[in-house]
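**Q** In case you want the letters, here they are:
There are 2 protein chains.
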Amino acid sequence: MNAIEFLEQTFNSCERQLGHHGKRNIRVLKEAFEQIEESRLSDRYGTGAVIEDFQAKMAALLGKEAAVFFPSGTMAQQIALRIWCDEKSLKKVAYHPLSHLEIHEQDGLKELHGIQTVLLADRDRVIELEDVKGMTENVACILLELPQREIGGQLPSFETLVGISDYCREKGIGLHLDGARLLEVLPYYGKTAAEVCALFDSVYLSFYKGIGGIAGAILAGDSEFLSKSKIWKRRYGGDLISLYPYILSADYYYELRAPKMGQYYEDAKELAASFNACHGVSTLPVVPVSNMFHVHIDLPKEKAASILAEVQRATGIGFTSYLKEIDESTCAFEMSVGDQYADLPKEDLRRAFRLLDDGMKA
Amino acid sequence: MNAIEFLEQTFNSCERQLGHHGKRNIRVLKEAFEQIEESRLSDRYGTGAVIEDFQAKMAALLGKEAAVFFPSGTMAQQIALRIWCDEKSLKKVAYHPLSHLEIHEQDGLKELHGIQTVLLADRDRVIELEDVKGMTENVACILLELPQREIGGQLPSFETLVGISDYCREKGIGLHLDGARLLEVLPYYGKTAAEVCALFDSVYLSFYKGIGGIAGAILAGDSEFLSKSKIWKRRYGGDLISLYPYILSADYYYELRAPKMGQYYEDAKELAASFNACHGVSTLPVVPVSNMFHVHIDLPKEKAASILAEVQRATGIGFTSYLKEIDESTCAFEMSVGDQYADLPKEDLRRAFRLLDDGMKA
Chain D
71 MNAIEFLEQT FNSCERQLGH HGKRNIRVLK EAFEQIEESR LSDRYGTGAV IEDFQAKMAA
131 LLGKEAAVFF PSGTMAQQIA LRIWCDEKSL KKVAYHPLSH LEIHEQDGLK ELHGIQTVLL
191 ADRDRVIELE DVKGMTENVA CILLELPQRE IGGQLPSFET LVGISDYCRE KGIGLHLDGA
251 RLLEVLPYYG KTAAEVCALF DSVYLSFYKG IGGIAGAILA GDSEFLSKSK IWKRRYGGDL
311 ISLYPYILSA DYYYELRAPK MGQYYEDAKE LAASFNACHG VSTLPVVPVS NMFHVHIDLP
371 KEKAASILAE VQRATGIGFT SYLKEIDEST CAFEMSVGDQ YADLPKEDLR RAFRLLDDGM
431 KA
Chain A
71 MNAIEFLEQT FNSCERQLGH HGKRNIRVLK EAFEQIEESR LSDRYGTGAV IEDFQAKMAA
131 LLGKEAAVFF PSGTMAQQIA LRIWCDEKSL KKVAYHPLSH LEIHEQDGLK ELHGIQTVLL
191 ADRDRVIELE DVKGMTENVA CILLELPQRE IGGQLPSFET LVGISDYCRE KGIGLHLDGA
251 RLLEVLPYYG KTAAEVCALF DSVYLSFYKG IGGIAGAILA GDSEFLSKSK IWKRRYGGDL
311 ISLYPYILSA DYYYELRAPK MGQYYEDAKE LAASFNACHG VSTLPVVPVS NMFHVHIDLP
371 KEKAASILAE VQRATGIGFT SYLKEIDEST CAFEMSVGDQ YADLPKEDLR RAFRLLDDGM
431 KA
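Sequence order for the protein chains is D and A. Those letters in the first sequence? Residues 71 to 432, per our numbering, in order. Those letters in the second sequence? Residues 71 to 432, per our numbering, in order.
One or more hints might be untrue.
[Said to hold, decoys possible] Lysine-lysine pairs mimicking DSS-like chemistry, simulated, CA-CA at most 25 Å apart:
| no. | chain 1 | residue 1 | chain 2 | residue 2 |
| --- | --- | --- | --- | --- |
| 1 | D | K161 | A | K161 |
| 2 | D | K180 | A | K300 |
| 3 | D | K180 | A | K180 |
| 4 | A | K93 | A | K298 |
| 5 | A | K162 | D | K180 |
| 6 | A | K158 | D | K180 |
| 7 | A | K416 | D | K394 |
| 8 | A | K394 | D | K300 |
| 9 | D | K100 | A | K93 |
| 10 | A | K180 | D | K161 |
| 11 | A | K180 | D | K162 |
| 12 | D | K300 | A | K180 |
| 13 | D | K300 | A | K300 |
| 14 | A | K431 | A | K416 |
| 15 | A | K100 | D | K100 |
| 16 | A | K180 | A | K298 |
| 17 | A | K100 | D | K93 |
| 18 | A | K203 | A | K158 |
| 19 | D | K203 | D | K339 |
| 20 | D | K158 | A | K180 |
| 21 | D | K180 | A | K431 |
| 22 | A | K180 | D | K298 |
| 23 | D | K180 | D | K161 |
| 24 | D | K180 | A | K298 |
| 25 | A | K298 | A | K127 |
| 26 | A | K394 | A | K339 |
| 27 | D | K298 | D | K162 |
Source of the hints: derived by calculation from the structure; they are not laboratory data.
If we strip away everything but chain D, and leave its shape as in the complex, we get:
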């Protein structure tokens, strides 16, 4: 077994992890459905109380007229951008170079819709008002991702959001929020979901990030926009006869974890500090602004894997299952704080970080 495999194997053997809510297993579904009446009827192609009630609840949370539940954010966001493009009769949108749409969707937006993209800002920082004002091309819509996941979950200031929103409204540019992790950033902004969403024309929220559901997404906005989205949802094959396995679990875990986002944020700051106290280890951002951050290690990937695997083996606390090579002498992994961190005894945590620090110094 090489170091990378040893890292994954030790992670999978750990009963406890630093991040997340626990293993993604069938228990996630069983727990969500435990208290749900067997006689409760399925949704049916987007209709029925199960889906309509949850959509109304999410629309209210996000302060929008309407909301539609989708199987995935990939589907919801491509559709949102397509609708704004049709609205403006312009097949061009702008987003961050590391947007999910640009790097994780096999170019679905371009292949399915022929929509061109303008990449805003540098890869290693968030989009600022100047980037938007400096655009030389007309676009139908700008997508902002809060937090910017691929750079450790960084955020622009709330004032920047207001500035971008004002500018887009003035110029007639649609503004869409990739809010996959929207609830996770509210404690930092000190705002409600509706206050953030008021700056955007449309919003997407995911149910398996901080909320820890099984899958699924909400797209919210005005009623006309959502009516159009339902037609595209049907075209995509996303208008399933039954989405309730995702909807009811989304609702269950939303109720369970939305109130804990503040705790995850505080825990993330504490955890990041523990990493930053280790030799050759730093987090991005240094002080997290949500429940997530990236951990950078000043060692080649194989070397770092050996050290982390040994910490995992010795403590039974899972740090990470993988490492991403940044360059020949640096690697990184992502950390998202969920329910598990708070349950770890402080003494066990201290020992794990002492071992990591020792390993890094050796």
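On the provided structure of chain D, position chain A as indicated by the hints.
**A** Quick look at chain A alone, frame taken from chain D:
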């Protein structure tokens, strides 16, 4: 309450129905997951034992190299046709005028792929070899739906299928099977799934028709085709982090009901005969060739609704929740036989059909 509403209300009040497996409620999910270990891990973006094992099982059933699980048949089939179009460098396909893609998908195939369609055969009959041979346009692929749902689930002969398959191979035309209800037609053909699928280049199978699962579909074919389909699945937003709620329930109900398709077929023939014995009632086809058929009533929709509602009220047996107007003096509804028919006491059935017959004569 008008007659149409009365029909729906009485249907929903019935504890028992002529068709289907029972109410689509949360019990469907709970039953499927009852015996599944909580520690079993989720699939993860198309990988993991839960999804890979089921795909391999379905590939074997269908006699194909590989299979991929999709959230929906709409998604799976559009993707299949797109791949064959790319393969032949020709964005044109042929199918029946009442194909699901033509009438139930908001033109997804055309809107998302710009694929043109050629409609084969008349609306009221199945596609025959002559229709295929008589095509004046080149197409990349032909889609055949077995059974042809919108005309009561009619089927071409197996010899016709062989003829169309031979012709398509000779001419280099792809042949795709819309086998949403493939298992349901095997008893009539007296063939295995693999024997039918051998005639086609790609096949789609649904898990919430005769199988009665929650949702989901399998697309099967050769490995190269399926590799391409996974890229499109990602583009569509169908590559969910977790599809297991659909996969494990599909597997559970497949095991439960695949062996019963012969019984559903026999029951459908018996049930159709009961309808045909009633005054002014006939089935399409007269003798079913699967578990499904359409019931045609020689009365205006409102009148027929009153009679059927009264039968439902008096017997507690649900016939239908809706009626579709054919013309001013005729209406129809669809019947799909599942688990429930065999559980209805024959005496109750006789009484219900006597009441229907009496109502029709009055």
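**Q** Now, for every hint given, state plainly whether the structure supports it.
**A** Now the hints, each set against the structure:
1. K161/D with K161/A: Distance ~22 Å between K161/D and K161/A Cα, so the pair holds.
2. K180/D with K300/A: holds, 17 Å
3. K180/D with K180/A: holds, 16 Å
4. K93/A with K298/A: violated, 37 Å
5. K162/A with K180/D: Distance of about 21 Å is within 25 Å: holds.
6. K158/A with K180/D: holds, 21 Å
7. K416/A with K394/D: violated, 66 Å
8. K394/A with K300/D: holds, 24 Å
9. K100/D with K93/A: holds, 21 Å
10. K180/A with K161/D: Holds: K180/A and K161/D sit about 17 Å apart, inside 25 Å.
11. K180/A with K162/D: The hint holds at about 21 Å.
12. K300/D with K180/A: Holds, at about 17 Å.
13. K300/D with K300/A: Roughly 24 Å between the alpha carbons, so the hint for K300/D and K300/A holds.
14. K431/A with K416/A: holds, 22 Å
15. K100/A with K100/D: Holds, at about 8 Å.
16. K180/A with K298/A: holds, 19 Å
17. K100/A with K93/D: holds, 21 Å
18. K203/A with K158/A: holds, 19 Å
19. K203/D with K339/D: Violated, because 33 Å separates the two Cα atoms, which is more than 25 Å.
20. K158/D with K180/A: With Cα atoms ~21 Å apart, K158/D and K180/A stay inside 25 Å; holds.
21. K180/D with K431/A: Judged against 25 Å, a Cα distance of about 61 Å means the pair is violated.
22. K180/A with K298/D: holds, 17 Å
23. K180/D with K161/D: holds, 10 Å
24. K180/D with K298/A: Between K180/D and K298/A the Cα gap is close to 17 Å, so the pair holds against 25 Å.
25. K298/A with K127/A: Given that 25 Å is the threshold and the Cα spacing comes to 20 Å, the pair holds.
26. K394/A with K339/A: holds, 22 Å
27. K298/D with K162/D: Given pair K298/D, K162/D holds - Cα atoms ~19 Å apart, limit 25 Å.
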